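There are 2 protein chains.
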Amino acid sequence: MDTESIKKGIENGDRRFIAKAITMIEEGDSRIYEVLETFKDRIGKAKVFGITGPPGVGKSTLISKLVKEARNRDENVGVLLVDPSSPISGGALLGNRVRMIEEVSDPKVYARSLATRGWFGGLSRAIDDAMLVLEASGKTVIFIETVGAGQIETDIFKKADVVSLVLMPYSGDEIQALKAGLMEIADIYVINKGDLDRNKITGVTLRMIVGKEKKIVYTSALYNEGIKELYDAMMSKWEEYSKSGEIEKRRKMRMKSSLINDLNSFFFSLLEKFIKEHDEEMEKISEEILKGKISRYQASKELITKFESYIH
Amino acid sequence: MDTESIKKGIENGDRRFIAKAITMIEEGDSRIYEVLETFKDRIGKAKVFGITGPPGVGKSTLISKLVKEARNRDENVGVLLVDPSSPISGGALLGNRVRMIEEVSDPKVYARSLATRGWFGGLSRAIDDAMLVLEASGKTVIFIETVGAGQIETDIFKKADVVSLVLMPYSGDEIQALKAGLMEIADIYVINKGDLDRNKITGVTLRMIVGKEKKIVYTSALYNEGIKELYDAMMSKWEEYSKSGEIEKRRKMRMKSSLINDLNSFFFSLLEKFIKEHDEEMEKISEEILKGKISRYQASKELITKFESYIH
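As you go down the protein sequences, you meet chains F and G in turn. In terms of my numbering, the first sequence opens at residue 137 and continues consecutively. In terms of my numbering, the second sequence opens at residue 137 and continues consecutively.
Do not rely on the hints blindly, as some may be mistaken.
You can't tell identical chains apart in this list, so a pair holds if it fits in one copy or across any two.
In silico SDA-like cross-links for lysine to any residue, where the CA-CA straight-line distance does not exceed 25 angstroms [to be verified]:
id: 1; residue 1: K412; residue 2: S378
id: 2; residue 1: K437; residue 2: G164
id: 3; residue 1: K350; residue 2: M371
id: 4; residue 1: K409; residue 2: R387
id: 5; residue 1: K437; residue 2: L399
id: 6; residue 1: K351; residue 2: G194
Think of the hints as simulated: they come from the structure by calculation, not from any bench. All of these numbers come straight from a predicted model, not from anything done at the bench.
Required output: the full structure, derived from the provided sequences and hints.
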C-alpha cells in the first residue's frame, strides 16, 4: 500500500486505512512519517477525553455508553485503549473491548487498542501519532482509556484535555490511598456501579477529599444510568477549560513532554548501541564486581567516562 | 551520624543503622557510597528470593510465614518490600506490611519498604544498594516482595536468585493472560489461599501451561499450610541452581543490568539539564507545532541535533 492511498483513505475517514496507519505507527514503519508530515495542520481538531481508574471499575462499559451518547449528538468518535503492556494484561484481552465499543454498521466510530512495543516512551509517541491520524480522519471526539493501573497512567493524563477518574464504592482506606496520586490529576470523578448501596457513602468521603468545587458524577454504565450527565459534565468542563485557556495550556504541556519523549528516545538508541558494542567488557566488569574486586560505584564511574568519550 | 559509626552499626547487624543506611540510599545521600565502597567484598553473601504475583493473592502474609520458617532454621533474615510507586499504592500502605513481618523482639529479622524517588531506574539502584547493606549486616536470606503489578516487576526478577510467582485460583482466561509474561520467568509457582476449592483445577491448568518440570506448591498462608513445603522448594531450587551455575549466571546478568541502569541514570541527568536550559525554546516550538506550522517530527529532529552538539 503506497503512502498516497493511505493518506487519502484517512482523509475519507475509511476505517481500514486508519487501522493500517496505526499499525504502521505501532510497528515503527517509517513510511508513516511522510503521511503524518502532511497532516501537521490537522493537529488539535478533536476534543480529547481521558478515562482512567483502577481495574474492574467498568471503564470499558462506560466508554461504550459514552460513545453511543456522542453518536447521538452527531460526533465522529475515536477511541484509543492504551495497554501499558503489563505482563498480566495481554493484547488479547483488548480485542474484546474493542469489539464491545465498535459497531460494524457505524463507520463514524473507530476503536483501537495500542500496545507498547519495546521501551517505555514508545507508547507516548504512538498515542500522539495515533491521535493525529484520528484527527486527520475527521474525528471530533477522542476517548483514551488506560487499561491496568500504575505509573504509566499519569503519563496518559498528559494526552487528554479533560480527565475522568472512575471509581467504585470503596472503603475509606482505599480512598485515602487514592488521594495520594490519581486524585489531584482528575477533572471529573465518576462513581460507577451505582447500583450498589455504598456509593453514596463513597461520594461523601470523596467530596471531603476533593473539595467542594470538583464535579462528582454517579453512573451505572451497566444499567445505562448517569451517562448523559457524565457526557454533559465532560463537555461543559471542556468548554470551561477552552474559554479559560486551560485546554491550550494543557496541549502545550502535552506537546512539550512529547518533545522530551523524543529526545529521550534518541538517547536510548545511542545507549543501546554502546551497550551492544561493549557487551563483553561489561560481562567482565560484572564478574569483577561479584568477586568483590571492584565496587559497582567505581565500575559505573569508569563506564560512564567511557560512554562520554563514545559520544564525543 | 558519621559514616564510620554507620559502617560499624551495620556490621554489628544493628537494625537502627541498617534503617539509617537504607534511608540514605532512598534519599540519594552521597555519604552512603563511602560506606558501600568498604562493603564491596560482602556482595552476594545472602540467598535472594523474589516473591511476586498479582495484588490480593496474599504475598505479604506468605512472606511473614516464610520469615518465621527461616528463623526456625536459624537464618538471619532481611525483607525488602518494593513499591513501584504507583499512584494507588502509597507508602503508607507498606508500613503495615513491614509491621506484620517484623517482630520487635527478634533482632535477626529486618523488614523494610523501598520506594522510588523520581525516575524509573532509581528503584533498581536502591534495591541493589539496600541488598548490599543487608548482606554486610550478616543477612543470610533476603526476600524481595513486589507490591502492585506491572512492567516494573519483571525488572525486580533480575534481583532475585529464585523467583516464586504467587497465584490465586483463577479462571482459565486469566491464566492464559498470565501465560504471556510472568509465567516464563518464575522458578516456583505457588497457589495460595488453598482453602478455596478451585485451586486444584487451577493447579491442573497451571500444570498444562508450565509443563511437567516446574514446581507447583499449594499453600494457605492464613492457615499456615504448605509453608514448610514452599520454603523447602525455594531452598532446594537455590541449591540446584547453585550447583548448575545458574545462580552465578543470574547474578552476573543482574549486575550487568545494574551497570546499564547506572549509565541510563547518568544519561537521564544530562538530558534533564539540557531540557531545563532549553525550556523557553521548547515552549516556543510546542506552540508552533500546535499551530500546525511545523510537524512534531521535524521539530524533534532539530532538537536532537541541538542536543548532540550540546554533549559535544
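Hint-by-hint comparison with the structure:
Taking CA atoms no more than 25 angstroms apart as the test, K412 paired with S378 passes in neither setting, with 48 angstroms inside one copy and 28 angstroms between copies. Taking the shortest Cα distances, K437 and G164 sit within 25 angstroms of each other only across copies (16 angstroms), while inside one copy they are farther apart (34 angstroms). For the homomeric pair K350 and M371, the shortest alpha-carbon distance inside one copy (15 angstroms) is at most 25 angstroms, but the shortest distance between copies (53 angstroms) is not. Proximity of K409 and R387 under a CA criterion of 25 angstroms is satisfied inter-copy only: 23 angstroms between copies versus 33 angstroms inside one chain copy.
In this assembly of identical chains, K437 and L399 lie within 25 angstroms of each other by CA distance both inside one copy and across copies; the values are 24 angstroms within and 9 angstroms between. Taking CA atoms no more than 25 angstroms apart as the test, K351 paired with G194 passes inside one copy only; the shortest distance there is 19 angstroms, against 36 angstroms between copies.
Hint compliance for this structure: hint 1 is the single one not met.
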